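J.: Listed below, chain by chain, are the residues.
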Amino acid sequence: MEFREELLRIIEKNSRMSAKELAVILGVSEEAVTEELRSLESEGTICGYHTMVNWDNVSVEKVTALIEVKVTPQRGQGFDNIAERIYNYPEVESVYLMAGGYDLMVILEGKTLKEVSGFVNEKLSTLEMVNGTATHFILKKYKDHGTILGKKKEDTREIITP
Amino acid sequence: MRDPLAKKVVDIKPSGIRKFFDIVSEMKDAISLGVGEPDFDTPWHIRDEGIYALEQGRTFYTSNAGLKELRTEISAYMERSQGIYYDPLKQVLVTVGGSEGIDMALRAMCDPGDEVLIPQPSYVSYEPCAVLAGAVPVIIDLKAENEFRLTAREIEEAVTEKTKVLILPFPNNPTGSIMEKADLEAVAEVVLKHDLYIISDEIYGELTYNGKHVSIASIPGMAERTILINGFSKAYAMTGWRLGYACGPEKIITQMTKIHQFAIMCAPTTSQYAAVEALRNGDADIAAMRESYNRRRRFLLNAFKEMGIECFEPFGAFYVFPCIKEFGMTSDEFANRLLMEEKVAAVPGTAFGDSGEGFLRISYAYSLERLEEAMKRLSRFVEKLRAEKKA
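Going down the list, the protein sequences come from chains H and G. Be aware that the first sequence starts at 1, since it is given in my numbering, and climbs by one per residue. Be aware that the second sequence starts at 1001, since it is given in my numbering, and climbs by one per residue.
Because the hints were derived from the structure by calculation, they are not lab data. Each hint should be verified, as a subset may be incorrect.
Said to hold, decoys possible - Straight line, CA to CA, 25 Å or less: simulated DSS-like cross-link-like pairs of lysine-lysine:
1. H:K62 with H:K143
2. H:K152 with G:K1343
3. G:K1007 with G:K1162
4. G:K1008 with G:K1164
5. G:K1028 with H:K152
6. H:K62 with H:K152
7. H:K153 with G:K1376
8. G:K1376 with H:K20
9. G:K1028 with H:K151
10. H:K153 with H:K111
11. G:K1258 with G:K1068
12. H:K153 with G:K1028
13. H:K141 with H:K13
14. G:K1305 with H:K20
15. G:K1343 with H:K153
16. H:K153 with H:K143
17. H:K152 with G:K1376
18. H:K140 with H:K153
19. H:K13 with G:K1376
Source: prediction; values computed, not measured.
Make a model of the complete structure from these sequences and hints.
T.: See below:
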């Protein structure tokens, strides 16, 4: 694997490793890591550093909805313009352009069902290019960003000789 | 009452590290660096294939030598990875782990009094298996200054007229040492000169970090006299499935299959179906695990460098083999004190032969976080020992 790709793969899973630690496990100099990170950040390949939180463990009410949105693309703009109109709402977590039965997947986080339905009714479905929506609520997250939630992996290897 | 036991068996020394690890298992918050098996789960698609085989009711014996489908995949794998062709019907035997292959090969090839050359430090079962096969083990002490590689000269010095088999344990457990093509060519010359046979244990063959592993069987003239042992445990993290294989000349494989059929019947069926999937679609898994091991390997080498502990760079398996001679203790004493005082368990080099004296085997089949904590403790311990020495 190339240095750049491998670096990205590692920090995508663990962004808390220091440049020094990364340099050791990648077998390069610390300066090389620092420089690469800086260039990845400035060109926007690294867009941010986040923490994965299992909100189920915290007594904070949170509702996540996946909303399928059918839209009419605009001449000269395709889907980009309408996507922008949607992703600018701060309560929108993610927006993806999809192939298949609908056009945009919008992921929304709200405090309550009411808040989410309010967004769909008042903001999303009133946009003139939006032809229809279907809202799905997430009941439980089992795995997110490649991490299985709620289960801690233990070392169950037994003692064996030789 | 007569003694129910065979002298040959009673005389075999029990594995020295057993007692050590019994202590470890009793000790709370001890960090073990002693395990010789991958910490990864078997990749899901491989496990899934095992489950599917069970669902389909594939719960019968397979043919003695193993599923034809699996032997065909093994043959294809040997061809693409080493460029050696083995006839899947005549030159491949599926075994219960690599260990069974070693046992079967020695039993098929040795008559009483035949000498078997065993380079050490190495995996601990070659010697007892040779004894049980009626052979006489002859130990070759590998040297730190050669990075524990086997040299032609060392073979020459150990060969007698009775020497029949050479065990070739590379990539090596416990040293992590490998043999490169030039090293193997030199060995091949001596092997031809003295008309020896080789049992090449390549169970760690997929875990090398400076280029692809080269099998001795790929050196011209060697496939005809080599039993190549490999398996799924280390490459695919499938230790519990107990599945390995042996490839070699039909003449030897036929006789190994004969013993295998009487002793074992056949390798576990579920595991064999899973292994077909591993060989067909597991290359990416191996690559990912290898990357992971390599990072840990670099981490450990750097940690030893920072501690000022001498350690050659091992390019294979998942072990490093640092030298602890400067502390003036035996490997046993060092390992015991490290366990008692810092609760870190590492295997003394002597568990793998006398030539392991003065060394420790550190396994990196552990997460980086675990290794970091262990190195912190080891570093503290080393400081303490050096301070003691000065005082």
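J.: Next step is simple, just say for each hint if it's right about the structure.
T.: Hint check results:
| no. | hint | verdict |
| --- | --- | --- |
| 1 | H:K62 with H:K143 | 17 Å, holds |
| 2 | H:K152 with G:K1343 | 23 Å, holds |
| 3 | G:K1007 with G:K1162 | 24 Å, holds |
| 4 | G:K1008 with G:K1164 | 21 Å, holds |
| 5 | G:K1028 with H:K152 | 19 Å, holds |
| 6 | H:K62 with H:K152 | 23 Å, holds |
| 7 | H:K153 with G:K1376 | 23 Å, holds |
| 8 | G:K1376 with H:K20 | 16 Å, holds |
| 9 | G:K1028 with H:K151 | 22 Å, holds |
| 10 | H:K153 with H:K111 | 31 Å, violated |
| 11 | G:K1258 with G:K1068 | 17 Å, holds |
| 12 | H:K153 with G:K1028 | 18 Å, holds |
| 13 | H:K141 with H:K13 | 18 Å, holds |
| 14 | G:K1305 with H:K20 | 15 Å, holds |
| 15 | G:K1343 with H:K153 | 22 Å, holds |
| 16 | H:K153 with H:K143 | 14 Å, holds |
| 17 | H:K152 with G:K1376 | 24 Å, holds |
| 18 | H:K140 with H:K153 | 20 Å, holds |
| 19 | H:K13 with G:K1376 | 23 Å, holds |
When the structure is compared with the earlier hints, a violation turns up for hint 10 alone.
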